[in-house]
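With these hints in hand, go ahead and build the complete structure from the sequences.
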Amino acid sequence: MTEIRFSGFGGQGIIRCGLIAGKALSLYDDKHATMTQSFGPEARGSACSSQLVVNDDKVLYPYITKPEILVSMSQDAYDQYEPNLRDDGLLLIDTDLVKPKPARAKIKTYAIPSTRFAEELGNRITANLVMMGFFTAVTKIVSEDAIKKALPGLVPDRFLGLNIKAFDKGYEYGLKLLDEEK
Amino acid sequence: MRTVKADPKGVLTGSHYLDGDYALAEGALAAGCRFFGGYPITPSTETAERFSERIPHVGGVFIQMEDELASIISLIGAVWGGKKAMTVTSGPGFSLMMENIGLAAMMEIPLVIANVQRGGPSTGLPTLVGQQDMMQARWGSHGDYAIIALCPDSPQECFDLTIKAFNLSETYRCPVFVMADECVGHMHEKVVIPPADQLDIVERKWYSGPKDKYMPYKNDADGIPFLVKAGDGYRFHTTGLTHDERGYPVINAEAQDICVRHLCDKINNNADKIIELEEEDIDGADVVVISYGITSRVAFRAVQLARKEGIKVGRLRLITAWPFCEKRIAELAPKIKAFVVPEINYGQMVREVERSSAGQTKVVSVPHCGGWVHNPLDILAAIKESVK
Chain A
37 MTEIRFSGFG GQGIIRCGLI AGKALSLYDD KHATMTQSFG PEARGSACSS
87 QLVVNDDKVL YPYITKPEIL VSMSQDAYDQ YEPNLRDDGL LLIDTDLVKP
137 KPARAKIKTY AIPSTRFAEE LGNRITANLV MMGFFTAVTK IVSEDAIKKA
187 LPGLVPDRFL GLNIKAFDKG YEYGLKLLDE EK
Chain B
560 MRTVKADPKG VLTGSHYLDG DYALAEGALA AGCRFFGGYP ITPSTETAER
610 FSERIPHVGG VFIQMEDELA SIISLIGAVW GGKKAMTVTS GPGFSLMMEN
660 IGLAAMMEIP LVIANVQRGG PSTGLPTLVG QQDMMQARWG SHGDYAIIAL
710 CPDSPQECFD LTIKAFNLSE TYRCPVFVMA DECVGHMHEK VVIPPADQLD
760 IVERKWYSGP KDKYMPYKND ADGIPFLVKA GDGYRFHTTG LTHDERGYPV
810 INAEAQDICV RHLCDKINNN ADKIIELEEE DIDGADVVVI SYGITSRVAF
860 RAVQLARKEG IKVGRLRLIT AWPFCEKRIA ELAPKIKAFV VPEINYGQMV
910 REVERSSAGQ TKVVSVPHCG GWVHNPLDIL AAIKESVK
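Going down the list, the sequences are from chains A and B. Taken in order, the first sequence gives residues 37 to 218; the numbers are from this note's numbering. Taken in order, the second sequence gives residues 560 to 947; the numbers are from this note's numbering.
Derived from the structure by calculation, the hints contain no laboratory data. Keep in mind the model is a prediction, meaning the values are calculated, not measured. Treat the hints with caution; some may be incorrect.
Label-pair restraints from in silico Cβ distances [said to hold, decoys possible]:
| no. | chain 1 | residue 1 | chain 2 | residue 2 | range |
| --- | --- | --- | --- | --- | --- |
| 1 | B | K943 | A | K218 | 45 to 51 Å |
| 2 | B | P808 | A | N91 | 55 to 61 Å |
| 3 | B | I817 | A | M37 | 52 to 58 Å |
| 4 | B | G930 | A | D193 | 37 to 43 Å |
| 5 | B | K894 | A | T101 | 33 to 39 Å |
To be clear about the criterion: a stretch of chain A counts as covered by chain B if any three or more of its residues have a C-beta under 8 Å from a C-beta of chain B, and this derived list gives those stretches [said to hold, decoys possible]:
| no. | segment |
| --- | --- |
| 6 | 53-65 |
| 7 | 96-103 |
Ideal Cβ placement from N, Cα and C applies to all residues, glycine included.
Put into structure tokens, the structure is as follows:
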């Protein structure tokens with residue numbers, strides 16, 4: 037079982053990240069994935085989060101307790117959720133938006149300028165898809181193919197091409213980073 | 560009871576990633592529901608949104624009413640107009656509907672109400688989970704009557720049980736509740752919608768005899784009266800007052816006896832047919848954990864932990880909460896050391912377990928006032944304590 041939290045501020049497409057990954061895993065990668073999200077006033081404007089529990093069998097307890105993977109696209113979200121990341125967890129951040137503290141315990145941090153990349157591609161709104169590409173390459177928890185199959189219906193048709201481009205950008209950057217690590 | 564295959568227009572066949580609220584709407588459409596009257600309330604609004612988005616493509620009516628009183632009354636009208644009808648709400652709206660839920664029970668109107676439960680009382684916790692309306696579902700309107708209530712534990716079951724709810728409502732001519740909760744309503748999971756020809760749908764029990772002989776409350780051989788559609792030329796009377804077979808008021812104890820017994824017995828006498836339970840490892844168990852809705856999934860984790868510690872634990876999930884499975888509980892009670900009943904309220908269905916156990920075993924309540932699901936460790940602690 038794997039617990040994942042996507043976090044950022046309202047409007048970045050954080051809930052969408054959970055939906056895309058959840059749909060990809062459940063429908064195309066033969067996993068069980070339960071997605072929950074934060075509701076209520078605390079989710080608007082400030083830190084916002086969607087949570088995914090991924091399992092080979094049916095997910096029982098639907099909420100995450102201590103995630104293995106934390107994706108943070110804002111400083112607030114990082115500050116709020118980093119303390120709950122597992123000691124041997126993976127931390128994925130937007131380089132330009134999150135200034136992390138020195139890494140705690142065995143946490144591995146991977147950083148990408150996802151918002152900057154999205155702006156270079158023509159629309160910063162796709163920063164979440166750049167991050168999803170990066171997430172897919174680095175964590176390997178979901179397949180590239182499944183994510184691409186999951187996108188139609190979850191992003192507007194007219195932006196599908198742009199979103200795939202954004203995803204590819206993040207994915208390639210992630211693979212390159214892993215390669216350099218070797 | 561006539562069963563047909565689902566109308567393919569309403570069936571979104573395929574695998575989807577949906578939240579429970581959306582799945583409720585898809586279940587209704589698949590069951591042939593073509594009228595939705597509702598008033599938005601968190602955490603159930605997404606069902607209304609989904610239905611309103613889909614119904615123009617399927618063919619039918621969605622009306623946002625001025626409040627929950629009007630919503631439930633619009634359903635009664637829609638059913639007399641020949642449609643299958645549904646509404647969705649949460650605690651505060653459910654309270655407002657109570658008077659006319661009684662009218663629907665008295666008029667024997669087949670309709671479905673989904674309650675995506677949040678924490679109460681009053682406006683309570685709009686965005687957070689509760690299971691505090693379970694007794695209200697059974698006893699909320701005044702007078703004696705019986706209803707049916709089902710409890711989905713996943714978006715998939717929100718779909719499946721909504722179809723079942725419509726089928727039961729048509730079979731027994733009564734209001735049926737889908738008692739979901741905020742957690743199940745708002746979580747996204749895979750929902751598989753089968754092809755229309757794999758979905759059995761109970762048709763309305765239409766009357767087809769001579770126009771001047773129709774009696775809206777004359778029982779057929781199966782104990783359930785026939786329905787007609789307004790506008791088809793049948794002249795009849797229906798009322799919330801105690802009535803005879805013709806539907807006219809008769810205000811005396813004899814008529815009341817016949818009327819009320821019928822409303823209760825048509826459900827109670829068919830309880831064995833209606834009740835659906837999920838059981839696991841009950842034989843030889845020392846403890847049986849009884850739960851429903853989201854709590855059954857949380858409790859399952861506690862059961863797994865208890866088994867690891869060598870405790871013999873069985874699991875009983877109430878898919879049907881009402882009518883209550885009193886026979887099954889009475890049968891199990893003398894064989895086990897305890898029932899453990901976690902629920903997201905201060906102890907509601909546990910009273911039914913106690914009543915049905917009749918002192919034959921220990922009954923342990925694991926209450927939670929709402930706002931979140933149980934910590935599985937709290938349920939584990941109750942299981943361990945109960946076998947001491």
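Evaluated hints:
{"no.": "1", "hint": "B:K943 to A:K218: 45 to 51 Å", "in the structure": "49 Å, holds"}
{"no.": "2", "hint": "B:P808 to A:N91: 55 to 61 Å", "in the structure": "58 Å, holds"}
{"no.": "3", "hint": "B:I817 to A:M37: 52 to 58 Å", "in the structure": "57 Å, holds"}
{"no.": "4", "hint": "B:G930 to A:D193: 37 to 43 Å", "in the structure": "39 Å, holds"}
{"no.": "5", "hint": "B:K894 to A:T101: 33 to 39 Å", "in the structure": "35 Å, holds"}
{"no.": "6", "hint": "53-65", "in the structure": "holds (count 6)"}
{"no.": "7", "hint": "96-103", "in the structure": "holds (count 4)"}
Comparing the model with each numbered hint stated earlier shows that all of them hold.
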